[in-house]
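Novice: Given chain W, put chain L in place with the hints provided.
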Amino acid sequence: MGINGKSYIVGIYEHPCRVALDKTLPQLHAEIAKGALADAGLSKDDVDGYFCAGDAPGLGPINMIEYMGLNNVRHMDSTETGGSSYIVHVNHAAQAIAAGHCNVALITLAGRPVADAKEGKPVRYYNQQAPDFPFEMPYGPNVTNMYAMCAMRHMYEYGTTSEQLAWIKVAASHHAQYNEHARLRDVVTVEDVVNSPMIADPLHRLDCCVITDGGGGIVMVSPEVAKSLKRTRVKVLGAGEAPKHLAAGQVDLTYSGARWSGPKAFAEAGVTTADIKYASIYDSFTITVLETLEDLGFCKKGEGGKFVSDGNLISGVGKLPFNTDGGGLCNNHPGNRGGMTKVLEAVRQVRGEAHPKVQVRNCDIALAHGTGGLLGSRMGSATVILGNEDA
Amino acid sequence: MSTDQKNKINLVVNSESKPYWEGAAKGQLLIRTCNACGKAHYYPRTICPHCFSEDTAFVEASGSGVIYSYSVTRQAKPPYVIAYVKLDEGVSMLTNIVDCEIDKISIGQKVKVKFNKAEDGYALPVFTSA
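Chains as they are written, first to last, in our numbering: chain W, 1 to 391; chain L, 1 to 130.
Hint data in this document are derived by calculation from the structure and do not stem from the laboratory. Quick reminder that beta carbons are idealized off the backbone N, C-alpha and C, glycines included. Incorrect hints may appear among the rest.
[What the hints assert, rightly or not] Straight-line distance between alpha carbons at most 20 angstroms, and here's what the computed SDA-like set of lysine to any residue pairs gives:
1) L:K86 with W:S377
2) L:K86 with W:D132
3) L:K117 with W:M137
[Said to hold, decoys possible] Partner residues are not named here, just some residues of chain W that face chain L (Cβ under 10 angstroms, in silico):
4) Q128
5) P131
6) P134
7) Y139
8) P141
9) A148
10) C150
11) A151
12) Y156
13) E157
14) P223
15) V225
16) G249
Chain W with its partners taken away, still in its complex shape:
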């Protein structure tokens, strides 16, 4: 059963905080749920489907449904693919709504890694019983060096340069200057990026995303419910999800799971890259964006460096405006999970509610893509394509 046109996003909320010392994790989830439902013009008693991922404490949906008093839930999903989870949830909520399992789906993400660190709590926990753990952890893999190895190999095979990667951050910073909530609002240059401290060769500090607290939420509904609401509705046209991993030792770091999630989403939506007016691309690091754009087919494999250069991702300047909220590189990466905010800015663009300085004209079709886990080993990739009522 396809999902094209069978559900709508009618409510979104991005928590304005970037440091949440005075808020608990469940509280953040509830504030986000309240914000997203208010945006939709719905109440918590309307929610009959609830979606959350590994950031939700306890047993996920069970604890959060109890805490928030979501008393009418009849469908739950706690699929966990890291930062891309919430794009997977959009796909799963669309499927559940199309199948009649629920009519009003709520998706929430929250995190407080900054506050947790300040309070001395461990920021990350990775289970020793993960099968890869014994054979990888002794070598000191961390988030940055695992993405850095992808950049290093991409440079080796295709001649990609640090300056080309830097253009991705430059474009994000041009957008972030207009976002009053963005963690980093200063416009930066290619020189600023390549002269920032080296973290893990070849990635500099400004190739890396921000770390923030907060989160976001989405409300999705059936076409019947959508028509009863006043809010501008955004149609879910297609979605795809795919795992990618080390393939039993046949390692190739030059592409991501977008190679598989993208074509599924485009086929279901019945559109091509030429139809995409705006793209939210997961930007944990600059290299994440570059490989993803290639894998989604916006340019040929290996030509991502050329594609992102010279402002091509800047709204009003380039051919493919991306991450007009400032993305994870400048605006927000709540809980180290950037998939949610990718959907939120795509929804704003289709609604015509992005900041006027970055709003894409006639943005009838937009794409959001997430990369969860590690580009340098195993990841969950997810793509969703959204459109306005006429799309």
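Specialist: Okay, now just chain L, sitting in the frame of chain W:
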């Protein structure tokens, strides 16, 4: 499954990993191969991820390979090199490159295994210039 975390080098010894660490302690780099389909895989598993056969066994690898990719973690004290090394047997493994001038490391460079001592008499395979 019981796990037993070591302090210095973070080795997890369990029923699937123990023979691998024991081999390393004897100076052998072991890779898991499948007697049913004939293919090697990494990291080692009991059931073959290629054909799902349970007829798998550890065999000794040559210990030679080339650097597929690497990165220097500059903020660590001291900085260290993480890498994927593609072994001559065709599988790639995550590892460290050691005892080298870190600014002279390159993709495609030939490397050979060596073993760093870990706790409880085990050892960790790492690589250095061939």
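Novice: Each hint needs a verdict: does it hold in this structure or not?
Specialist: To see whether the hints hold, each was checked on the structure:
1. L:K86 with W:S377: 14 angstroms, holds
2. L:K86 with W:D132: Judged against 20 angstroms, a Cα distance of about 17 angstroms means the pair holds.
3. L:K117 with W:M137: Holds, because 16 angstroms separates the two Cα atoms, which is no more than 20 angstroms.
4. Q128: OK, holds: Q128 of chain W within 10 angstroms of chain L, min 5 angstroms.
5. P131: At about 7 angstroms, which falls below the 10 angstroms cut-off, the nearest Cβ of chain L leaves the hint on P131 of chain W intact, so it holds.
6. P134: Hint on P134 of chain W: holds, closest Cβ of chain L at ~4 angstroms, below 10 angstroms.
7. Y139: Holds, about 5 angstroms.
8. P141: Where the cut-off is 10 angstroms and the nearest Cβ of chain L is about 6 angstroms from P141 of chain W, the hint holds.
9. A148: 4 angstroms, holds
10. C150: Since chain L brings a Cβ to about 7 angstroms from C150 of chain W, closer than 10 angstroms, the hint holds.
11. A151: Result: holds, 8 angstroms to nearest chain L Cβ.
12. Y156: 5 angstroms, holds
13. E157: 9 angstroms, holds
14. P223: P223 of chain W check fails; min Cβ-Cβ to chain L is 43 angstroms, beyond 10 angstroms.
15. V225: With Cβ-Cβ at 44 angstroms, over 10 angstroms, it is violated.
16. G249: 3 angstroms, holds
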